[in-house]
Amino acid sequence: MSLLLKRLVITGLGLFGALMVWPFLLFIQSAQSAFPGYLSFSVVQGAFLWLVFGALFGSIEGIVVSSRTKAFKGILFGMILGIGFGVLGVVLGQTFLFYAAGLIVEVEGVTRLILVAFANGASWVIIGMCLSMIEGLRSLSLRRILVGLWGGMIGGLIGGFALQLVLAYKPGNGIALLVGLSLFGLSLTFFYSLFEQGFSLGSIKLLNGPLRNKEYSITRNRMSVGTKDSCDIVLTGYRDIKDVHAFLITKKGRVSLVAAQEGNPVKVNDENRSECSLRREDVFAIGNAKFMYGFFSMGV
Amino acid sequence: MKCLYNAKTVCSIAGAFLLFCNTLFFAQEKSLSITQIDNSRLVSTQTIRLYLSIHGESFSPDTQNIIVEESDNGKDFKKVRLVEVTKNANQSEGISFFLLLDNSGSMWDDLEGKATSDPAMTRMNHAKRAIAAFSQSLGVHDRLALATFNTQYTIVQPMTSDAASIPLALEGVTRPAREEGYTELYGSIPTAITSFTEVVGRKALVILSDGEHLSHPDSRLDFTIKQGIDAAIREGVTCYVVNFGTSRDNTLPDLADASGGVVFNAASSQDLSDIYERIRSSILDEWAIRYIASMTAGDRRYVRVSSPSNKIPSGPARVYYSGGVLGTGMARPSWFHLFAILLPLAAWLALVFCKLERETTDAEIRLLYGASSGQTRAFTLTSAQTVIGGAASSDITIAGNPSLKDNAATVVYDKTRARYTIVAESGVTVNNKPVKNRVLEDGDVINMAGTVVVFDDRKKPVK
Chain E
382 MSLLLKRLVI TGLGLFGALM VWPFLLFIQS AQSAFPGYLS FSVVQGAFLW
432 LVFGALFGSI EGIVVSSRTK AFKGILFGMI LGIGFGVLGV VLGQTFLFYA
482 AGLIVEVEGV TRLILVAFAN GASWVIIGMC LSMIEGLRSL SLRRILVGLW
532 GGMIGGLIGG FALQLVLAYK PGNGIALLVG LSLFGLSLTF FYSLFEQGFS
582 LGSIKLLNGP LRNKEYSITR NRMSVGTKDS CDIVLTGYRD IKDVHAFLIT
632 KKGRVSLVAA QEGNPVKVND ENRSECSLRR EDVFAIGNAK FMYGFFSMGV
Chain C
8 MKCLYNAKTV CSIAGAFLLF CNTLFFAQEK SLSITQIDNS RLVSTQTIRL
58 YLSIHGESFS PDTQNIIVEE SDNGKDFKKV RLVEVTKNAN QSEGISFFLL
108 LDNSGSMWDD LEGKATSDPA MTRMNHAKRA IAAFSQSLGV HDRLALATFN
158 TQYTIVQPMT SDAASIPLAL EGVTRPAREE GYTELYGSIP TAITSFTEVV
208 GRKALVILSD GEHLSHPDSR LDFTIKQGID AAIREGVTCY VVNFGTSRDN
258 TLPDLADASG GVVFNAASSQ DLSDIYERIR SSILDEWAIR YIASMTAGDR
308 RYVRVSSPSN KIPSGPARVY YSGGVLGTGM ARPSWFHLFA ILLPLAAWLA
358 LVFCKLERET TDAEIRLLYG ASSGQTRAFT LTSAQTVIGG AASSDITIAG
408 NPSLKDNAAT VVYDKTRARY TIVAESGVTV NNKPVKNRVL EDGDVINMAG
458 TVVVFDDRKK PVK
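Protein sequence lines correspond, in order, to chains E and C. Every number in our numbering is 381 more than the matching position in the first sequence, counting from 1. Every number in our numbering is 7 more than the matching position in the second sequence, counting from 1.
Hints were generated in silico from the structure; no laboratory data involved. Keep in mind that the hints are not guaranteed to be accurate.
Stated by the list, open to error - The list that follows gives simulated cross-link-like pairs (lysine to any residue, SDA-like), each with its CA atoms no further than 20 Å apart:
id, chain 1, residue 1, chain 2, residue 2
1, E, LYS551, C, LYS233
2, C, LYS440, E, ARG660
3, E, LYS633, E, GLU652
4, C, LYS233, E, GLY644
5, C, LYS412, C, THR423
6, E, LYS551, C, PRO340
7, E, LYS454, C, VAL359
8, E, LYS648, C, LYS233
9, C, LYS86, E, PHE676
10, C, LYS86, E, GLN413
11, C, LYS440, E, ARG654
12, E, LYS633, E, CYS657
13, C, LYS86, E, GLU652
14, C, LYS443, E, GLU652
15, C, LYS233, C, THR253
16, C, LYS443, C, GLY407
17, E, LYS648, C, VAL442
18, C, LYS85, E, PHE416
19, C, LYS233, E, LEU494
20, C, LYS440, E, CYS657
Given these sequences and hints, build the entire structure.
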């Protein structure tokens, strides 16, 4: 999957999430007066919101590398972690909104509209940041957590701002929520995919076999390559590859290819190596799967 | 001289009468005013804390004789359940006072508004004495800041808990030059209130002025009292107004009303001292009420307090923000909203279950980068010999790379052995190794003067 397609898929998932969670949130909000308080109201909304978004986000890696097992594990993990972080995000966001909007509650007119929209945008930043950290926590990657924080921040600001802006003109209208959620989902995932490349130390591109053209961003200090489902890069349909065959290790900004065990066939530029620091355009083979290392979105 | 004496006498009597009326007024009017709303526990405990100031009546509020009502539109109020009533709510946390002192030219006249050469007789001197005395009476948890205004706004003492620094700071307040002697009252109020932003807890602004707002004729600023009122509500600051002298600004009572404060009239330094102390003790004596907030939809919740058993009607309603972070008051979804769930769900599952790769069986070379468009493109190798180069006559023409030879390389297909070989004179690498003749394997990377292609032989199984 090329980088462009990957970005389209990730961004599309953001939109799917917005559409799927929208009716649930409409239903919960229409029953606001039945809740005993804002805490339970926020908890239920947060749980539904991130149950859906968490599942979708969790499936990204599985979809990108065409691994159903990885996708389903990601969905399960995303749902469980999503509920926890979603509840935390919405409760914190609601608390912040009460504080921030409380400062301007008696201001009138357009000024109020814009200030409340900003306050809501800032609250959604908290929600977005909580959500988008899930992928980083799942992969235990500080870089991905940072990527998530940036994506969540921008997505949250845009979505929360839009929601209040539309609600000001159409109070109680469900379309406002759909607009807010869609912009939130789209911008969160779009910027997530954009920042993922920016924060990465390059990427590797598979050149042959059934997974040809797939790109893997190097966003962790240690990435495993092999046939096992738990590997970061799962290679199925290739010859001479062990369960855990090799590692891509990042140290001081340099990426190295290291064979996991003596005797695992690893080649860099057609030479057998057990460990080698990679340079741009290096071609390396793990078993008979061939990769190129570079910065593909930037023209290598 | 006689005439002057008579005028002084008349002014003194008038001042005393005003003070009497002031006292009488506050002694008779019964009111309950909400001085501050604390919604910081609304999410965690669903409770709101109201700070109440009781005027003109001495009674102890409790959950039986106080009624708190909420409304989402400011009209239809419903009673809410009280949880707790606390006296002396501010004693343990202390109060932050901001004293805003008029330093216009008239403050350097005497109490009757006449010019005087005796500094001890000026209104400013009376005010300084009262402020110095007030600073010494503050509690250990209280804080105080001081600013003056005339044509300019000047911070004399930033917020401090060091009461001893105030008398010294007051010495720095001097008579303004004629051009500096105007009364920029409306601009100074929001400026002073904004400096409260970082301050937490109970906040009070005490404005002492001896006249009306009067901007410098050349001033480009166009402040109104509305900006002060907005700032006071935004920052949760209660504004107290002290009219010192015979003239007063007619809009300042609006500021006091809107922020839960009171207007006082003073005629001497003793009056001032009494008023400052009265403000402090009234805030210290404030009551705090905690109640369970309602869960009606809407982003504004109006709240008012009354005590029917004490015949105290509701004061003006105050407002707090009650909107949901994900929206509020939405209509119930219809059946067609199901499509919003099912359609994306189907698309998502399709992505999970389907592979997104393009399947072909022919061998090909794929352009990685180096061409003008920069995009990956594929060229099928169907002939026995395929010439790759920059010339239009090549079998595969790669444009946009002036360094690329017309015929950079030839890929030859050996039918009997079913394998491809690349043949080049010079300047071609395969997997970063210079080559002139080499059998190609699936996934080999060919670099021709910076144009990089991948050899893709799908006929050869990789497994």
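Each hint, compared with the structure:
1. E:LYS551 x C:LYS233: violated (28 Å)
2. C:LYS440 x E:ARG660: holds (14 Å)
3. E:LYS633 x E:GLU652: This hinted pair is violated, its Cα atoms lying about 25 Å apart.
4. C:LYS233 x E:GLY644: violated (80 Å)
5. C:LYS412 x C:THR423: Status violated; Cα separation ~30 Å.
6. E:LYS551 x C:PRO340: With a Cα-Cα distance of about 16 Å, the restraint between LYS551 of chain E and PRO340 of chain C holds, given a limit of 20 Å.
7. E:LYS454 x C:VAL359: holds (12 Å)
8. E:LYS648 x C:LYS233: Given that 20 Å is the threshold and the Cα spacing comes to 75 Å, the pair is violated.
9. C:LYS86 x E:PHE676: Roughly 65 Å separates the two Cα atoms, so the pair is violated.
10. C:LYS86 x E:GLN413: holds (19 Å)
11. C:LYS440 x E:ARG654: Holds. LYS440 of chain C to ARG654 of chain E sits at ~16 Å (cutoff 20 Å).
12. E:LYS633 x E:CYS657: holds (15 Å)
13. C:LYS86 x E:GLU652: violated (82 Å)
14. C:LYS443 x E:GLU652: holds (18 Å)
15. C:LYS233 x C:THR253: Cα-Cα ~24 Å, so violated.
16. C:LYS443 x C:GLY407: violated (24 Å)
17. E:LYS648 x C:VAL442: holds (18 Å)
18. C:LYS85 x E:PHE416: It holds: about 17 Å lies between the C-alpha atoms, which stays within 20 Å.
19. C:LYS233 x E:LEU494: Measuring from Cα to Cα gives roughly 18 Å; hence the hint holds.
20. C:LYS440 x E:CYS657: It holds: about 17 Å lies between the C-alpha atoms, which stays within 20 Å.
Comparing the model with each earlier hint shows violations of hints 1, 3, 4, 5, 8, 9, 13, 15, 16; every other hint is respected.
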